[in-house]
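Start counting at 1 in the sequence shown, then tack on 28, and there's your number in our numbering.
You may find that some hints are simply not true.
To be verified - Cβ-Cβ distance ranges computed for the label pairs, FRET-style:
(1) S426 - E488: 53 to 59 angstroms
(2) N229 - E359: 41 to 47 angstroms
(3) G131 - E188: 43 to 49 angstroms
(4) Q215 - Q179: 43 to 49 angstroms
To be verified - Think about it this way: if two alpha-carbon atoms lie no more than 20 angstroms apart in a straight line, the pair counts; the simulated SDA-like pairs of lysine to any residue are:
(5) K119 - V147
(6) K119 - Q129
(7) K289 - T96
(8) K289 - R451
(9) K126 - T156
(10) K126 - T164
(11) K126 - T141
(12) K210 - T237
(13) K126 - D138
(14) K119 - S153
(15) K119 - L139
(16) K458 - E331
(17) K126 - E146
(18) K126 - Y151
(19) K210 - G197
(20) K126 - L161
(21) K119 - M157
(22) K119 - A137
(23) K126 - T96
(24) K210 - Q241
(25) K119 - E140
(26) K289 - N502
(27) K289 - E503
(28) K119 - R158
(29) K210 - E385
(30) K119 - I144
Hints were generated in silico from the structure; no laboratory data involved. Note that beta-carbon positions come from the ideal geometry of N, C-alpha and C, so glycine has one too.
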Amino acid sequence: DATDETVLDALGPDDSDVVRVTPDGSEQEVAATSATIGSGEATMQVTTYGAADDVFATQNVATAGIATVVFIFIVNLGFVGIVLGGNLSLKLRRLADKAQQMGDGDLEADLETDRIDEVGRLYDSFGTMRDDLRTTLSDLEDERERAREAQRRTEQRNRELEAEAERFGAVMADCADGDLQKRLDPQTDHEAMAAIAEAFNEMIADLETAVAQVKDISRDVARTSTEFQTSSEEISRASEEVSASTQEISDGSAEQAEDLKTATREVKEMSATVEEVAAATSTIADQSGQVDELATAGQAAAEDTTEEMHTATDQTETVAETIHELEREAEQIQEIVELIDEIAEQTNMLALNAAIESARSKSASSEDGGFQAVADEVKELAEQTQAAVDDVEAMIESIQQRATESAAGIEETEERIGSATHRVDTLATKLDRIAGEIEQVATGVTQIDQATDEQATSAEELATIIQDVASVANETSSQSQQVAAAAEETTATITDVSAEATRLDQRATDLADAVDEFSVSGDAGSERPRSPAARTGGENR
Numbered sequence: 029d030a031t032d033e034t035v036l037d038a039l040g041p042d043d044s045d046v047v048r049v050t051p052d053g054s055e056q057e058v059a060a061t062s063a064t065i066g067s068g069e070a071t072m073q074v075t076t077y078g079a080a081d082d083v084f085a086t087q088n089v090a091t092a093g094i095a096t097v098v099f100i101f102i103v104n105l106g107f108v109g110i111v112l113g114g115n116l117s118l119k120l121r122r123l124a125d126k127a128q129q130m131g132d133g134d135l136e137a138d139l140e141t142d143r144i145d146e147v148g149r150l151y152d153s154f155g156t157m158r159d160d161l162r163t164t165l166s167d168l169e170d171e172r173e174r175a176r177e178a179q180r181r182t183e184q185r186n187r188e189l190e191a192e193a194e195r196f197g198a199v200m201a202d203c204a205d206g207d208l209q210k211r212l213d214p215q216t217d218h219e220a221m222a223a224i225a226e227a228f229n230e231m232i233a234d235l236e237t238a239v240a241q242v243k244d245i246s247r248d249v250a251r252t253s254t255e256f257q258t259s260s261e262e263i264s265r266a267s268e269e270v271s272a273s274t275q276e277i278s279d280g281s282a283e284q285a286e287d288l289k290t291a292t293r294e295v296k297e298m299s300a301t302v303e304e305v306a307a308a309t310s311t312i313a314d315q316s317g318q319v320d321e322l323a324t325a326g327q328a329a330a331e332d333t334t335e336e337m338h339t340a341t342d343q344t345e346t347v348a349e350t351i352h353e354l355e356r357e358a359e360q361i362q363e364i365v366e367l368i369d370e371i372a373e374q375t376n377m378l379a380l381n382a383a384i385e386s387a388r389s390k391s392a393s394s395e396d397g398g399f400q401a402v403a404d405e406v407k408e409l410a411e412q413t414q415a416a417v418d419d420v421e422a423m424i425e426s427i428q429q430r431a432t433e434s435a436a437g438i439e440e441t442e443e444r445i446g447s448a449t450h451r452v453d454t455l456a457t458k459l460d461r462i463a464g465e466i467e468q469v470a471t472g473v474t475q476i477d478q479a480t481d482e483q484a485t486s487a488e489e490l491a492t493i494i495q496d497v498a499s500v501a502n503e504t505s506s507q508s509q510q511v512a513a514a515a516e517e518t519t520a521t522i523t524d525v526s527a528e529a530t531r532l533d534q535r536a537t538d539l540a541d542a543v544d545e546f547s548v549s550g551d552a553g554s555e556r557p558r559s560p561a562a563r564t565g566g567e568n569r
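The task is simple: from the sequences and hints, build the whole structure.
Below you can see the structure in the form of structure tokens.
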């Protein structure tokens, strides 16, 4: 209450004083004394106080009695001296000696007299006063004995409180060192100490529950990040293989384009030669018809190849978009990793706050709610960590699904590119047959001069077709290079995702190591999964 706060503020350690307080609006004085019990960090300040009038009542009574005796003696002595003069000086000196003897503490002085005058009454007054002093001193002795008994009880109580404070300090020190299984067991009937023990035990129980939850969360995060890292490594290897295959296709398409350019130049030269041919026969006409059919088939094959290449291009764009989505989700994973890192740092700060609150609760004589606030904050952080882990799990499932779709898309692209390659090979075979027929045409041209113009026109058309096929081959090579570049970018992105997963795993391991500093119930049967770095004995960064 207000009186307690006023007394505690007015007194220092091991101090005694009279303090003015106003508990009910009226000012009063209390006599208070304080003493520090315990040793080391486990100390407690005990303060006792009471109304100053009650504490000093006995002393005031004794002082007032003695002062009254002296005052009456002086007044009566003066009065008698004035009235009786020197005739009674001897009796008065004797009475003065008796009074002096009483003033020195000897209350056994003989004050009996046979006089019935004023001196006799004075003797009687001093006798009555002596008897009153005896009664007062007897009362003082009784009060002193009661005060001594109260002091002995207070000292015994202080010793009990000191021992209890030392036991409390030892348990609190163990809890501050991380052993959250310890509890306070009060061994006195002191209500304040029992209340402190109950509040402390509730706080430690809540803190133990929160730390156990953080341990479970850190284990789940470590296990999930390890699985995600393994999946990322597998996807990275698959992407590298796709990139290598696509590069081989690109190199083959480039070689085919060069071959078609060479064929185009040769056909143009053949066209110039055909213009110089002077003769043609019906056999040349039939062969020209076959050449036209073959050219038509070659054109159709080229169109099919173009369509397949376009389809492969669309599929590649889809794969690229999927990879971009994987990149964005990897960035979200990075944000979640940073959130978990911030939560770990806040957990460290909360551990420091818990140590400070523990030190404060050792030196306070009443219940302190600091530990409860820390426990609430730790619980809130644990809930945030759980939410972050849920987000990570969702991201992992999404990434795995995207990776599966990417793999399927890449396989389909490989099949289409393989089909296009087969069609290009077929086109090359047909072009070889065209070359054979053209050689026969050349033989006939030496004999026939009339079909020179028609044959020249057919040769020009054939050159145009070959140019178109060469253009398609160039486009195929360009698209293959783009697919290879996209595959390389995919590999790099997945590598970055794998690195982020590794860092997430390391963060989870650090968090688990931090909470393992606390000892909670159920630790004996649980084991935290080790990260790849821990299993291989090196740092995985």
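Each hint, compared with the structure:
no.: 1; hint: S426 - E488: 53 to 59 angstroms; in the structure: 57 angstroms, holds
no.: 2; hint: N229 - E359: 41 to 47 angstroms; in the structure: 46 angstroms, holds
no.: 3; hint: G131 - E188: 43 to 49 angstroms; in the structure: 45 angstroms, holds
no.: 4; hint: Q215 - Q179: 43 to 49 angstroms; in the structure: 23 angstroms, violated
no.: 5; hint: K119 - V147; in the structure: 8 angstroms, holds
no.: 6; hint: K119 - Q129; in the structure: 15 angstroms, holds
no.: 7; hint: K289 - T96; in the structure: 141 angstroms, violated
no.: 8; hint: K289 - R451; in the structure: 18 angstroms, holds
no.: 9; hint: K126 - T156; in the structure: 13 angstroms, holds
no.: 10; hint: K126 - T164; in the structure: 19 angstroms, holds
no.: 11; hint: K126 - T141; in the structure: 13 angstroms, holds
no.: 12; hint: K210 - T237; in the structure: 13 angstroms, holds
no.: 13; hint: K126 - D138; in the structure: 8 angstroms, holds
no.: 14; hint: K119 - S153; in the structure: 15 angstroms, holds
no.: 15; hint: K119 - L139; in the structure: 11 angstroms, holds
no.: 16; hint: K458 - E331; in the structure: 14 angstroms, holds
no.: 17; hint: K126 - E146; in the structure: 17 angstroms, holds
no.: 18; hint: K126 - Y151; in the structure: 10 angstroms, holds
no.: 19; hint: K210 - G197; in the structure: 12 angstroms, holds
no.: 20; hint: K126 - L161; in the structure: 14 angstroms, holds
no.: 21; hint: K119 - M157; in the structure: 18 angstroms, holds
no.: 22; hint: K119 - A137; in the structure: 15 angstroms, holds
no.: 23; hint: K126 - T96; in the structure: 16 angstroms, holds
no.: 24; hint: K210 - Q241; in the structure: 18 angstroms, holds
no.: 25; hint: K119 - E140; in the structure: 12 angstroms, holds
no.: 26; hint: K289 - N502; in the structure: 10 angstroms, holds
no.: 27; hint: K289 - E503; in the structure: 13 angstroms, holds
no.: 28; hint: K119 - R158; in the structure: 18 angstroms, holds
no.: 29; hint: K210 - E385; in the structure: 17 angstroms, holds
no.: 30; hint: K119 - I144; in the structure: 13 angstroms, holds
In terms of the numbered hints stated before, the structure departs from hints 4 and 7, listed from lowest to highest.
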